[in-house]
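Please put together the full structure from these sequences, using the hints given.
One-letter residues, chain by chain:
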Amino acid sequence: MLHVGLHHFLIVSAVLFSLGIYAVVTRKNAIMVLMGIELILNSANINFIAFSRFGNFGLGGQIMALFIIILAAAEAAIALAIVLNVYKTFANVDIDEINKLKE
Amino acid sequence: MDFTSLSNSISLIKPEVVITITLILLVIFDLIFVKQKSVIPIIALIGLFIAGIFVISDLQQSGFAFSLSGTGSKSGMITADSFGSYFKILIILASILIVFFSYSSNEIQKVTDRLGEYYALIFGMILGMLIMVSSSDLILMYLSMELLSLSSYVLAGFTKLRERNSEASLKYLIYGAVSSGTMLFGISMIYGMTGTTNLNEINLALRHIQINWLTLSFSLILIVAGIGYKISAAPFHFWTPDVYEGAPISITAFLSVASKAAGFALLIRFLKTAFVSDVDMNGTWHLIQVFDWKLLLAILSVLTMTLGNFAALWQDNLKRMLAYSSIAHAGYLLLGVVVMSNIGVEAVLIYFMFYLLMNLGSFYIVMLIANKIGSEDINDYDGLGYASPFLGVSFAIFLVSLTGLPPTAGFVGKFYLFVALLDAKMAALAVIAVLNSVVSLYYYIRVLKHMFLTKPEPAKETIVTPLPNMLFILALLIPILLFGIYFTPVVNFAESCITILGL
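Respectively, the protein sequence lines represent chains B and Z.
Residue numbering for the first sequence follows this note's numbering, starting at 1 and increasing by one per position.
Residue numbering for the second sequence follows this note's numbering, starting at 1001 and increasing by one per position.
A hint or two may mislead.
Among the chain Z residues that face chain B by a calculated CB cut under 10 angstroms, a handful are [unchecked claim]:
{"id": "1", "residue": "Pro1041"}
{"id": "2", "residue": "Tyr1142"}
{"id": "3", "residue": "Leu1150"}
{"id": "4", "residue": "Val1178"}
{"id": "5", "residue": "Leu1184"}
{"id": "6", "residue": "Phe1185"}
{"id": "7", "residue": "Thr1194"}
{"id": "8", "residue": "Gly1195"}
{"id": "9", "residue": "Asn1198"}
{"id": "10", "residue": "Leu1220"}
{"id": "11", "residue": "Asn1492"}
{"id": "12", "residue": "Glu1495"}
Source of the hints: derived by calculation from the structure; they are not laboratory data.
All C-beta atoms, glycine included, are put in the ideal place defined by N, C-alpha and C.
Here is the structure:
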């Protein structure tokens, strides 16, 4: 019987974090990049909860995770509004195409 | 938590409470006075003035607010001290100036029907910054940074008049969300290693617990990425030129001054509270030997100023040039942090006061000229010194001050930074900074060359500056010239504001 310990959680969160960074770097669609950002935030969440559960640090980590969930929702709302606005102006959400500045 | 400690805590955050109330009032008045939007800036100004009075009257007040473990504890979510108050004064001063700034901006006046939203978002930024400068808990640091960021993402694309607005806000959003996400991951690892998010308790933990060096360094670098993005230090500066160019000028000016000040306050408090073991007689900070902060910050600072200055040389858009110049200034300011001493912090405080005046002044003039000729391109500035001698001469003084030449305040600010560096025996960094200032002279003077030495083919018609705008410029210009000669009051004030409460 496999015992699930702190390490398992940390590995999952490290993998999520890496996948998030990978998505941000490689994806061209703005929505995909935002999904990568969600992965990064959630990997930190897993860390917080795992540490607070296995480290006997009290409930601080779980409260932090709650804050982050709320914040991620707020960020997603604002991000999608901005992406919608960009789509209205450029008829496109491809990050490489949106490059009018810099000339 | 008992009632007395709660009321004590609230008495330490009066300015933040005032700003929050004003934010709510702004939203309500926006709904009530649908036709009369001119009342909105007045409410904003009143709120800012009251908050400013609270900050100044409680300048030397100090203490920990919202301690988790009851009264009398040596730590809390918020630390009130004179260092934080100094930055709060800077932020509120910048906000008051930005209200006037927005009032004379054509871009903002075109969207008068959404003025309520505009000021509500600005107050969201102000609230985030005020909490940032006094937060001594990693949770609160992150949350206040996000409060600032979320409001500024929207404001960067607020006017929606041109394509570049939306692009700026998308780029700001993506870079900002990624760097704050990585910062959060770093915070989560610090929490795992030390068992707490409070900076004072992290300090204790670092002294007593054996911590894996590699993991700690990795998480600290992730946190520096988050803060470095806020202060636009290289290599986290990629958003700066695009966002500064694309955003409405009033927001660009606000980001370049206030948001940068808040980022620096956060960085200094983070270093001082969590990593300094003791401060000796000369005011030098002794770091806990866990991480080489001096090396990391010195590299960042040299990279930032060199990159900022050299990239600015090729810019034809004035907003973009000022964006690179503000990156370079972040590099100079980081030098004051690298010193890791009370003198270094004092130099940063002095520099910020002058940087606020001269940077806001330059952006204001760029905005006035953009209002008139509809362009920020340097080639359209040909002969402007003759079309409007007042704007030309004041712009010249602001740019000379940004370069750091006497007899302007910019010189005094740089002088104190270099003295702090030499005092800490870091002459090599001082030399690099001086060489960088020489490079910066080229692109600042290039603007003057276009304004005064190039005559356009059809002579430009004279630009008349209305009296209120002229008064606003003079209000920024006179202190710059005055403090360039008589700077003792600012220096004394900064000297009295270097207390960072900690263990």
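Okay, the hints, checked on the actual structure:
no., hint, result
1, Pro1041, "violated, 24 angstroms"
2, Tyr1142, "holds, 8 angstroms"
3, Leu1150, "holds, 5 angstroms"
4, Val1178, "holds, 5 angstroms"
5, Leu1184, "holds, 4 angstroms"
6, Phe1185, "holds, 5 angstroms"
7, Thr1194, "holds, 9 angstroms"
8, Gly1195, "holds, 4 angstroms"
9, Asn1198, "holds, 9 angstroms"
10, Leu1220, "violated, 15 angstroms"
11, Asn1492, "violated, 40 angstroms"
12, Glu1495, "violated, 37 angstroms"
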